[in-house]
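Could you build all of it, start to finish, from the sequences and the hints given here?
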Amino acid sequence: MFFELIGTSPQVLFGQLLLGLINGAFYAMLSLGLAVIFGLMNVINFTHGAQYMMGAFGAWMLLNYLGVPYWGALVLVPLAVGASGVIIERLLISRLYDLDHLYGLLLTFGVGLIIEGLFRHQFGASGLPYPIPIPGGTNLGFMFLPWYRAWVVGFSLILCLATWYMIEKTQLGSYLRAATERPDLVQAFGINVPRMITLTYGFGVGLAALAGVLAAPYSVNPMMGANLIIVVFAVVVIGGMGSIMGSIVTGFGLGVIEGLTKVFYPEASNTVIFVIMAIVLMLKPNGLFGTPR
Amino acid sequence: MPTIDMDLAVRGLHGWYGESHVLHGMSFDVKAGEVVTLLGRNGAGKTTTMRAIMGMLANREGSICYGDRELIAATSNRIARLGIAYCPEERGIFSSLSVRENLLLPPKVKAGGLSIEEICRIFPNLAERLESQGSKLSGGEQQMLAIARILRTGAKFLLLDEPTEGLAPVIVRQIGDTIRALREQGFTILLVEQNLRFAQSVADRHYVVEHGQVIDMISGIELASQREKLRAYLGV
Chain Z
0 MFFELIGTSP QVLFGQLLLG LINGAFYAML SLGLAVIFGL MNVINFTHGA QYMMGAFGAW
60 MLLNYLGVPY WGALVLVPLA VGASGVIIER LLISRLYDLD HLYGLLLTFG VGLIIEGLFR
120 HQFGASGLPY PIPIPGGTNL GFMFLPWYRA WVVGFSLILC LATWYMIEKT QLGSYLRAAT
180 ERPDLVQAFG INVPRMITLT YGFGVGLAAL AGVLAAPYSV NPMMGANLII VVFAVVVIGG
240 MGSIMGSIVT GFGLGVIEGL TKVFYPEASN TVIFVIMAIV LMLKPNGLFG TPR
Chain B
0 MPTIDMDLAV RGLHGWYGES HVLHGMSFDV KAGEVVTLLG RNGAGKTTTM RAIMGMLANR
60 EGSICYGDRE LIAATSNRIA RLGIAYCPEE RGIFSSLSVR ENLLLPPKVK AGGLSIEEIC
120 RIFPNLAERL ESQGSKLSGG EQQMLAIARI LRTGAKFLLL DEPTEGLAPV IVRQIGDTIR
180 ALREQGFTIL LVEQNLRFAQ SVADRHYVVE HGQVIDMISG IELASQREKL RAYLGV
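Top to bottom, those sequences are chains Z and B. Position 63 of the first sequence, counting from 1, maps to 62 under numbering that gives the first Met the number 0, and the rest follow consecutively. Position 143 of the second sequence, counting from 1, maps to 142 under numbering that gives the first Met the number 0, and the rest follow consecutively.
Treat each hint with caution, since some may be false.
[Stated by the list, open to error] Mimicking BS3-like on lysine-lysine, the simulated pairs with C-alpha atoms at most 30 Å apart in a straight line are:
{"no.": "1", "chain 1": "B", "residue 1": "K30", "chain 2": "B", "residue 2": "K109"}
{"no.": "2", "chain 1": "Z", "residue 1": "K283", "chain 2": "B", "residue 2": "K135"}
{"no.": "3", "chain 1": "B", "residue 1": "K109", "chain 2": "Z", "residue 2": "K168"}
{"no.": "4", "chain 1": "Z", "residue 1": "K168", "chain 2": "B", "residue 2": "K107"}
{"no.": "5", "chain 1": "Z", "residue 1": "K283", "chain 2": "Z", "residue 2": "K261"}
{"no.": "6", "chain 1": "B", "residue 1": "K135", "chain 2": "B", "residue 2": "K107"}
{"no.": "7", "chain 1": "B", "residue 1": "K228", "chain 2": "B", "residue 2": "K107"}
{"no.": "8", "chain 1": "B", "residue 1": "K135", "chain 2": "Z", "residue 2": "K168"}
{"no.": "9", "chain 1": "B", "residue 1": "K30", "chain 2": "B", "residue 2": "K107"}
{"no.": "10", "chain 1": "Z", "residue 1": "K261", "chain 2": "Z", "residue 2": "K168"}
Don't read these hints as lab results, they were simulated from the structure. All figures in this text were calculated on a predicted structure; none of them were measured in a lab.
The following block contains the structure:
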């Protein structure tokens with residue numbers, strides 16, 4: 000009865016909600032990495048989309064060149080791409096810390112373009128196939144639940160909450176939060192802050208790559224990061240730069256809103272997040288959960 | 000009881016904030032176990048000197064010798080690891096951390112630091128507020144916390160920048176008691192102070208700083224008789 004009223008069927012509604020949750024999971028994971036990096040380093044990591052894409056390609060390459068399946072890729076690829084992030088930070092980004100933050104933005108933007116260009120040159124612009132590691136699903140009555148979708152939502156939720164917990168509730172996280180406020184003082188207490196910054200950047204990049212591995216069964220394509228990163232930036236702006244829980248809640252929330260928009264007003268589904276971003280910027284420029292800097 | 004460490008010898012210390020030449024050859028000593036103050040008008044270069052010693056002043060030249068180690072080019076985290084700790088004028092309490100997290104943040108750099116239990120005994124008002132957010136403390140509580148957290152590290156050479164500024168007399172007395180107790184335990188303390196009476200009550204010697212240079216040294220015993228001269232220096 001309810002579903003006749005709202006003009007759709009439970010399968011469509013819950014199916015889209017699930018897709019919305021999946022998109023939201025990727026939004027959350029990627030904006031989380033961006034928020035952590037921006038919070039500590041004041042650098043907007045425009046390379047993030049390319050690093051997400053490298054995660055997916057890493058999974059593809061491990062499978063096709065070395066025969067390493069998905070579950071091995073989940074562990075190895077974030078480490079490898081995270082290491083590449085450490086190199087980028089040490090060699091390039093760290094040289095710009097004394098300059099206007101704009102230069103960090105331009106640098107990461109350029110590095111992202113280079114990486115995407117290289118992959119496009121090597122692999123072409125169309126996607127490569129990657130098998131779904133847990134095929135099939137189960138019928139819940141009101142909807143069909145594919146196993147892999149359940150895995151993506153569940154795993155990313157756990158990952159986001161674990162990251163939040165580590166930053167907000169542990170001593171290691173307190174170093175990060177303190178260095179975000181006063182890096183000079185934290186260093187004067189004896190902590191090697193430049194090393195902390197390097198490792199944090201590597202962690203944020205590893206998180207992006209992990210999202211890329213999760214995305215591989217859906218898409219392995221040199222432009223997949225560029226397509227997604229614009230929306231992720233909108234999510235970060237809405238949630239508030241530097242707020243960990245803000246990124247998670249906003250990411251999942253906006254994914255669901257986008258999914259619902261697809262059911263009820265599909266024409267707007269591409270733009271609804273940007274409309275929300277414009278409204279939030281007018282009413283709460285620091286984002287829903289952000290604090291003024 | 001903690002072992003006494005090394006003397007600090009500053010010679011010809013020059014310092015710049017960008018183009019601005021702020022320190023013009025600071026030279027002074029702080030012997031192990033002493034409490035020494037830097038007195039002077041606002042802008043004389045006292046805080047800048049502290050930051051230079053702590054390695055937090057990017058542009059500096061000259062000599063800062065701690066024991067037999069030359070620190071002029073050292074990074075601040077290495078200087079901290081030698082057992083020197085800094086309590087800045089603005090206190091630097093991390094607002095997004097709880098009191099407990101603030102206390103636990105500075106890592107132990109030497110053995111012999113106070114435990115959390117001992118800190119709670121010396122600073123009972125901090126003990127009550129362990130889980131409060133750092134930003135919710137009063138000025139006096141923040142000052143106590145700023146001092147308490149460096150006491151946990153085992154550092155034996157403390158740089159205290161205006162610890163009594165803006166605090167109520169009863170808190171000022173508490174801080175004076177704390178500094179005197181630390182001196183008994185063999186700590187070495189370099190203090191920046193504007194409050195002459197407080198400086199006299201805790202310190203062995205006083206250096207007068209003007210325009211980034213030491214222009215006079217007054218021993219603790221002489222301070223009372225030199226009041227007039229000091230007032231002239233400080234323009235009070």
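Q: Return the numbers of the hints above that this structure violates; sort them in rising order.
A: 7, 10
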